[in-house]
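From first to last, the protein sequence lines are chains A and B. To get my numbering, take the position in the first sequence, counting from 1, and add 28. To get my numbering, take the position in the second sequence, counting from 1, and add 1.
Please keep in mind that the hints were generated in silico from the structure rather than gathered at the bench. Everything numeric in this text was worked out from a predicted model, so none of it was measured. Every residue gets a Cβ at the ideal spot worked out from N, C-alpha and C, and that includes glycine. It cannot be assumed that every hint is accurate.
Said to hold, decoys possible - With a straight-line Cα cutoff of 20 Å, these simulated SDA-like cross-link-like pairs (lysine to any residue) come out: (1) B:Lys94 <-> A:Glu115; (2) B:Lys94 <-> B:Met2; (3) B:Lys67 <-> B:Pro135; (4) B:Lys67 <-> A:Leu117; (5) B:Lys67 <-> A:Asp74; (6) B:Lys147 <-> B:Lys94; (7) A:Lys47 <-> B:Asp36; (8) B:Lys67 <-> A:Leu149; (9) B:Lys44 <-> A:Lys47; (10) B:Lys44 <-> B:Ser61; (11) B:Lys44 <-> A:Leu117; (12) B:Lys60 <-> B:Glu48; (13) B:Lys67 <-> B:Asp36; (14) A:Lys47 <-> A:Gly35; (15) B:Lys117 <-> A:Met116; (16) B:Lys67 <-> B:Leu54; (17) B:Lys94 <-> A:Met59; (18) B:Lys67 <-> A:Met59; (19) B:Lys94 <-> B:Gln126; (20) B:Lys44 <-> A:Glu115; (21) B:Lys111 <-> B:Lys147.
What the hints assert, rightly or not - Covered by chain A, according to a simulated footprint, are these stretches of chain B (three or more residues, beta-carbon under 8 Å): (22) 67-78; (23) 82-88.
What the hints assert, rightly or not - The following label-pair restraints were derived from C-beta to C-beta distances: (24) B:Ala154 <-> A:Gly76: 43 to 53 Å; (25) A:Asn129 <-> B:Pro97: 47 to 57 Å; (26) A:Asp74 <-> B:Gly179: 28 to 38 Å; (27) B:Pro162 <-> A:Ala82: 54 to 64 Å; (28) A:Ala151 <-> B:Glu64: 26 to 36 Å; (29) A:Ser148 <-> B:Ser101: 25 to 35 Å; (30) B:Ser29 <-> A:Ala151: 38 to 48 Å; (31) A:Ala150 <-> B:Ala118: 19 to 29 Å; (32) B:Gly18 <-> A:Met55: 28 to 38 Å; (33) B:Thr161 <-> A:Gly145: 43 to 53 Å; (34) A:Gly145 <-> B:Phe172: 43 to 53 Å; (35) B:Leu54 <-> A:Ala123: 34 to 44 Å.
Chain by chain, the residues run as shown.
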Amino acid sequence: MSSLRPGNVGIVIVSHSPKIAEGAADMVRQMVGDAVPLAWTGGDVDGGLGTNVAGILEAIETAWSPAGVAILVDLGGAETNSEMAVEMLPEDRRARVLVCNAPVVEGAVIAATESSGGSSLAAVKRSAEEFYA
Amino acid sequence: MSLDRVARERLVRALAGSVIEHADELTSLDQAIGDGDHGLNMKRGFEAVLAALPGLADKSLPEMLKAIGMTLVMKVGGASGPLVGTFFMELGKALPEQPSRADLVTATEKAIEAVKARGRSEAGQKTLLDVLVPVHAVLAGGGDAKAIAAEAAQAADRTTPMQAIRGRASFLGERSIGHMDPGSRSASLLIGAAVETLEFEVNT
Numbered sequence: 029m030s031s032l033r034p035g036n037v038g039i040v041i042v043s044h045s046p047k048i049a050e051g052a053a054d055m056v057r058q059m060v061g062d063a064v065p066l067a068w069t070g071g072d073v074d075g076g077l078g079t080n081v082a083g084i085l086e087a088i089e090t091a092w093s094p095a096g097v098a099i100l101v102d103l104g105g106a107e108t109n110s111e112m113a114v115e116m117l118p119e120d121r122r123a124r125v126l127v128c129n130a131p132v133v134e135g136a137v138i139a140a141t142e143s144s145g146g147s148s149l150a151a152v153k154r155s156a157e158e159f160y161a
Numbered sequence: 002m003s004l005d006r007v008a009r010e011r012l013v014r015a016l017a018g019s020v021i022e023h024a025d026e027l028t029s030l031d032q033a034i035g036d037g038d039h040g041l042n043m044k045r046g047f048e049a050v051l052a053a054l055p056g057l058a059d060k061s062l063p064e065m066l067k068a069i070g071m072t073l074v075m076k077v078g079g080a081s082g083p084l085v086g087t088f089f090m091e092l093g094k095a096l097p098e099q100p101s102r103a104d105l106v107t108a109t110e111k112a113i114e115a116v117k118a119r120g121r122s123e124a125g126q127k128t129l130l131d132v133l134v135p136v137h138a139v140l141a142g143g144g145d146a147k148a149i150a151a152e153a154a155q156a157a158d159r160t161t162p163m164q165a166i167r168g169r170a171s172f173l174g175e176r177s178i179g180h181m182d183p184g185s186r187s188a189s190l191l192i193g194a195a196v197e198t199l200e201f202e203v204n205t
């Protein structure tokens, strides 16, 4: 799932549940259409509940944008695995991917809305994180 | 300390075996205060490590440790994959091919710092750090294999009365008290397996 507007910040949704990740991505699509590159991942490598680094790396690749990628995560393991995935990216991409401290569903919708207006990665992250401010 | 290929393979088998044999126990510990998947996750990770033998043992000790860490990161899932995986990867980065005891002390300390940074955690929060940190103190203080293994087991026991501050168990607040931390238990199993193998190498 990637868009034709690579100028906007990409959004990656990471949940322990693939259904939640996919459902949140559906909500984002309904809000912003194809205006932002978007990808989701959820579940462990065997398809059970959990998150996995390889899946997150793949989602980052799918939602890649020169403007950067904001990752929305649900629980601790999703955050730790996402940070690990970011560190494993090629050096020139690493600084352009940020994990947001925000609720996964609301954060993804707000981040995508912000991104669709052409905002910077920092601004996208900030608006998602306003939920916890 | 010099580990030849046979010894490296023995080490990998011991590490993996210790976790795989105790997977059910780890899972029941995790069912008490976590989401009940620690045993299954760790087992999956170490089965992948075993599947990478004999190629893993063909590598030098540092490269082998890095490869084990990477496999655990990719296969374990949950927060324990990056935490345990980071420990192995950093150990591999910091150790020379034929480490002295002093090298082991320094490398372990670096690996523990990396785990702290990865989990944004410190000892005292009912995590694997509550085993790694005291075990490192015994290692640095000159303790032998038996003392290290004993400290690992006791340190895991000492997590039972703690209240979890980090990880899934922290959601339970005071209800996390009275259960051993599963991550501490798996760390103690790994340390027990490692020192037993290394002692065998030193004494034979």
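A quick look at each hint next to the structure:
no. : hint                              : verdict
1   : B:Lys94 <-> A:Glu115              : 15 Å, holds
2   : B:Lys94 <-> B:Met2                : 17 Å, holds
3   : B:Lys67 <-> B:Pro135              : 23 Å, violated
4   : B:Lys67 <-> A:Leu117              : 17 Å, holds
5   : B:Lys67 <-> A:Asp74               : 23 Å, violated
6   : B:Lys147 <-> B:Lys94              : 26 Å, violated
7   : A:Lys47 <-> B:Asp36               : 18 Å, holds
8   : B:Lys67 <-> A:Leu149              : 32 Å, violated
9   : B:Lys44 <-> A:Lys47               : 25 Å, violated
10  : B:Lys44 <-> B:Ser61               : 24 Å, violated
11  : B:Lys44 <-> A:Leu117              : 27 Å, violated
12  : B:Lys60 <-> B:Glu48               : 18 Å, holds
13  : B:Lys67 <-> B:Asp36               : 28 Å, violated
14  : A:Lys47 <-> A:Gly35               : 28 Å, violated
15  : B:Lys117 <-> A:Met116             : 18 Å, holds
16  : B:Lys67 <-> B:Leu54               : 14 Å, holds
17  : B:Lys94 <-> A:Met59               : 46 Å, violated
18  : B:Lys67 <-> A:Met59               : 43 Å, violated
19  : B:Lys94 <-> B:Gln126              : 27 Å, violated
20  : B:Lys44 <-> A:Glu115              : 25 Å, violated
21  : B:Lys111 <-> B:Lys147             : 23 Å, violated
22  : 67-78                             : holds (count 4)
23  : 82-88                             : holds (count 5)
24  : B:Ala154 <-> A:Gly76: 43 to 53 Å  : 30 Å, violated
25  : A:Asn129 <-> B:Pro97: 47 to 57 Å  : 39 Å, violated
26  : A:Asp74 <-> B:Gly179: 28 to 38 Å  : 31 Å, holds
27  : B:Pro162 <-> A:Ala82: 54 to 64 Å  : 38 Å, violated
28  : A:Ala151 <-> B:Glu64: 26 to 36 Å  : 42 Å, violated
29  : A:Ser148 <-> B:Ser101: 25 to 35 Å : 50 Å, violated
30  : B:Ser29 <-> A:Ala151: 38 to 48 Å  : 46 Å, holds
31  : A:Ala150 <-> B:Ala118: 19 to 29 Å : 23 Å, holds
32  : B:Gly18 <-> A:Met55: 28 to 38 Å   : 46 Å, violated
33  : B:Thr161 <-> A:Gly145: 43 to 53 Å : 52 Å, holds
34  : A:Gly145 <-> B:Phe172: 43 to 53 Å : 35 Å, violated
35  : B:Leu54 <-> A:Ala123: 34 to 44 Å  : 37 Å, holds
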